[in-house]
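Chains as they are written, first to last, in my numbering: chain Y, 1 to 259; chain E, 260 to 518; chain G, 519 to 816; chain B, 817 to 1114.
Careful: at least some of the hints might be erroneous.
[What the hints assert, rightly or not] Below, in silico cross-link-like pairs of lysine-lysine (DSSO-like), each with a Cα-Cα straight-line distance of 30 Å or less: (1) E/516 x G/766; (2) B/1064 x Y/257; (3) B/1064 x Y/223; (4) Y/152 x Y/257.
[Unchecked claim] Interface residues of chain Y toward chain G, partial, derived using beta-carbon atoms under 8 Å: (5) 44; (6) 78; (7) 91; (8) 95.
FYI, nobody ran anything at the bench for these hints, they're computed from the structure.
Positions of the beta carbon are idealized from the N, C-alpha and C atoms, including for glycine.
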Amino acid sequence: MSAEWTALPRELLVVEGARQIRDGDLVIVGTGLPLLAATLAQRTHAPEAKLVIESGVMFPKVVPTPVSVVDPRLMRGAARHGSLFEALGGLVQRGLVRTGFLGGAQVDEYANINSTWVPRPDGSRVRLPGSGGANDIASHCRQVVILTDHEKRRFPARCDYVTSPGFLGGPGERAKAGLGPLRVKVVTDLCVMEAEDSALTVTALMPGASVTDVLDNTGFTPKFRDSLEIVVPPDPDDLRLLREEIDPACVYFPERKGR
Amino acid sequence: MSAEWTALPRELLVVEGARQIRDGDLVIVGTGLPLLAATLAQRTHAPEAKLVIESGVMFPKVVPTPVSVVDPRLMRGAARHGSLFEALGGLVQRGLVRTGFLGGAQVDEYANINSTWVPRPDGSRVRLPGSGGANDIASHCRQVVILTDHEKRRFPARCDYVTSPGFLGGPGERAKAGLGPLRVKVVTDLCVMEAEDSALTVTALMPGASVTDVLDNTGFTPKFRDSLEIVVPPDPDDLRLLREEIDPACVYFPERKGR
Amino acid sequence: MHKLLTAAEAVARHVPAGAVVGMGGQNINRCPMALVHEVIRQGIGGLTVVGCNLSLPLDMLVAAGLVARTEQGTGNLERYGTLFAWRRAVERGEVGAGDHSHLAMATRFAAGAVGVPFLPTRSLLGTDLLADLVSDGVAVESADPWTGRPVVLLRAMTPDVAIIHANRADLAGNVVIEGVTSHEVDMVRAARATIVSAEEVLPAGAFADRPERVTIPEAYVTAVVHQPFGAFPTSVYRAYDFAEPEIKEYQALGRAGDAELREWIGANLGASFDDYLRARDPAGTLRAGLTEQMGRLV
Amino acid sequence: MHKLLTAAEAVARHVPAGAVVGMGGQNINRCPMALVHEVIRQGIGGLTVVGCNLSLPLDMLVAAGLVARTEQGTGNLERYGTLFAWRRAVERGEVGAGDHSHLAMATRFAAGAVGVPFLPTRSLLGTDLLADLVSDGVAVESADPWTGRPVVLLRAMTPDVAIIHANRADLAGNVVIEGVTSHEVDMVRAARATIVSAEEVLPAGAFADRPERVTIPEAYVTAVVHQPFGAFPTSVYRAYDFAEPEIKEYQALGRAGDAELREWIGANLGASFDDYLRARDPAGTLRAGLTEQMGRLV
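Please build the complete structure, drawing on both the sequences and the hints.
Here you go:
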């Protein structure tokens, strides 16, 4: 494979994210890499996957490259322009959206997410944007996918604040709190981690990444699946699609600009 | 006044009903005499009164003569065609509709209404249509107006079934049940009765009706206000409006047909 | 993936015997008559029919002996009288009737529509209506935790299948309704499956230039049936007025008795809704008149 | 009875100091900038600002020192970064922030919209978000009376005044919004008063031929303000795109500090929103470009 068609680390994140979407799924996404992943899935193996946007957009045909959940580029050709309550209540809480993509400043061992505040070394707090629809998505979707850079501070043993529920304090706690079952997949530039009523377990490594890389950059000690897989790089067609049609202006890939 | 411009008993009901509407009121009505009353009010002293129809029609310009709350004649020129939940939840329960018109098979001494079932002499039950929006209107409007024929069976001491709340068992019970304050005005072909956290009290007689007429045709013994008024007959202009423009085909006045 | 089926296919697939059926329409407007005829043709029984105002289609199902229970705000046709078959069946104890206020029913559908187990209302307080709903197990008296004031919790209503008739649908199942929507949007969102019959069926994406005007998005629609005059003899706003003589004739038979209604059903439903329309209005003059009449009213 | 006022009149009459202000718009779309500028010009302070996503208009109000508290789902501008003035004020403890999920805020508005004291949600369970809402006194952990499963009750949010910007309004206060409506319809229905600024103001009854397309009926609207480009630099769907350079400039100043933002506000707001538009875009070329750009996207 020529270097030209080798995926950059963050491109691989998007490609692996896209693979989490089944054909026919309803998928709730914001903007950024998750939206690129969902659009890529629609353009490849999941043409019948449908996007839901929390602002009230249902099933749009995305025009490159939206930067906001109310960007007109994310509203074209939709089945419905409705409300937050319709999207997050009528679809997500109603149980019709299988997969949600989330981000966050912290993801802990039990896949809980913090997007509210994090402490500074001096003990004061850095105020973050807050939940948005993230808590709702983590509460009601059947599957949550998190695409993130793999940094130690992003993966503490325990979030300083739980904005969105993973498996809370451990196995059984989600059900005890009254939440439905969930499957979490965290895709980073180093590995893929999965959890289902359990702690996050590394199930695959990104090409070139090692177990040591993962251990060095994670704030807890994750389990590793016995037979670790290596994430399969995208074929050139998919990468071309991502680069030339889905984010042609490199809005979310500044590292690709001018290459 | 010529006989031609003397109101029939049921016309007087409509005219007195119209007088209960203040200019600027939001008024919820069904069809029949209440709708004629509300339309008459709009055409006379209350041009800024606005109609709400439980089916979701807000502020229509009525075309003669609707026979249903979903009749296209009741939907023209509206501010909004919405839903039952919008009309009965978003306006009525929300507290924005001051006046509601109701009917019912029974109205008791404390202005409770039954529209669910009544007993036959053999003890079996006659099934009636049910509440519809009536319970909601009686629960949330500030004023309820009832236009009805004055028959003994319609005015029992106590309803066989309370579909819509007046003052329940007596003073203070409405507040105790969690309901807001209410004023009730019952307009019949014999008299006007009023109640506010009290039993119905006769406050006015229809022209030609006597106290005895009222007592003979009421299943309980109503109080009478010391200074009984006589309901003022409509002026010919209003009557002409009612007859020629509001219900020109005598849909709700078969007794006027062919006169 | 288009969702177009015939009424016969849609009903056979999505309306099982014993189902809780969410009934679209209200009074003389937009009742899903074509779909209800098909339920009768297929003799699907033991149904629980739920809605706000239940009118002509319920009465026909009751007359056909297919209804075990109703949950409703009202059962009547306003000026055209009560539902005679339903009334008799309820009075005889053959059909159970769960009485609500219209807001109470709308509230139960709204709960189902957003995936919560109940919603509160301040209606019903102090009445026999509430006492009966409590003993039926669908209402609970509670208190506002902030003020202690009484409030009623109403259990979510989630029909097995909702059936509605609409002005237009596209092949993907996006639906446009003109005029009022009564309880239908939340009922459909709460239902496990929904069949929509429509006056007009358009290619998928036909409404995508104005998505805010879509009344019900495809996410909630299981099957689309194309049936012009599918609400006849009830009205479709901006398409045709209701057929008063047809409604009066049905009600006269209803007043006469169940046998008379069953005879009418047997004689008129035919093999398809188009058969029925042809039987009632062979030259289409009645329908043309209703269309013209609606045109004058909107 | 028409409801047309100038922004200055509407804000002076309906936005008292200390009010709970329901903020329209979301992120870079349809924020009520003209109305917010007027609140700043009149120096109306001590406000509690509530909404789902609070973005540019909140940050400006905070920078102007007019905000005591926020209740929100998020405070940010997505790709254009956090709300710097808000973040600093919250971190310094000068502005209290009540964190919700977006569904939780939408649920609180929906409760107010239909006159019930609370609505339930199955979001929030098990999180610190819930614990904080409980200690703030706006959420209560409860149980579904039918299954015993946990559920959260959220107290109705009823703003003193809601401010939104729309595509069109008529003089009676009927409002048409194109594109998504975020949390705005329920927020307006829940509010005690509502000011709507609109790109276009039409005679009363202008939408009466298609009442199902009216987004917000006049029953909920207190004042109508005519302000073309009233959401600038945020977008209005089908009218104009957002002005990225303006947002980036604001965010660069926000990153620099409160003094820089206050200086920008002092230098740019002028005596009216039209003044401001002229100051930022003297020849109207930027606005023409945004209109053209939206035209290509819809």
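Each hint, compared with the structure:
A C-alpha spacing of about 20 Å is found between residue 516 of chain E and residue 766 of chain G, which places the hinted pair at or below 30 Å, so the restraint holds. Among the hinted pairs, residue 1064 of chain B with residue 257 of chain Y is consistent with the structure: their alpha-carbon atoms are about 20 Å apart, no more than 30 Å. A hinted pair counts as satisfied when its Cα atoms are at most 30 Å apart, and residue 1064 of chain B with residue 223 of chain Y does not qualify at roughly 43 Å. Between residue 152 of chain Y and residue 257 of chain Y the alpha-carbon distance is near 27 Å, which keeps this suggested pair within the 30 Å criterion.
Hint status for residue 44 of chain Y: violated, given a least beta-carbon distance of 18 Å to chain G, over 8 Å. With a least beta-carbon distance of about 4 Å to chain G, the hint placing residue 78 of chain Y at the interface is held under the 8 Å criterion. Contact between residue 91 of chain Y and chain G, as hinted, is supported at the beta carbon level, the nearest pair being about 6 Å apart and thus within 8 Å. Proximity of residue 95 of chain Y to chain G holds as hinted, the smallest CB-CB distance being about 6 Å (cut-off 8 Å).
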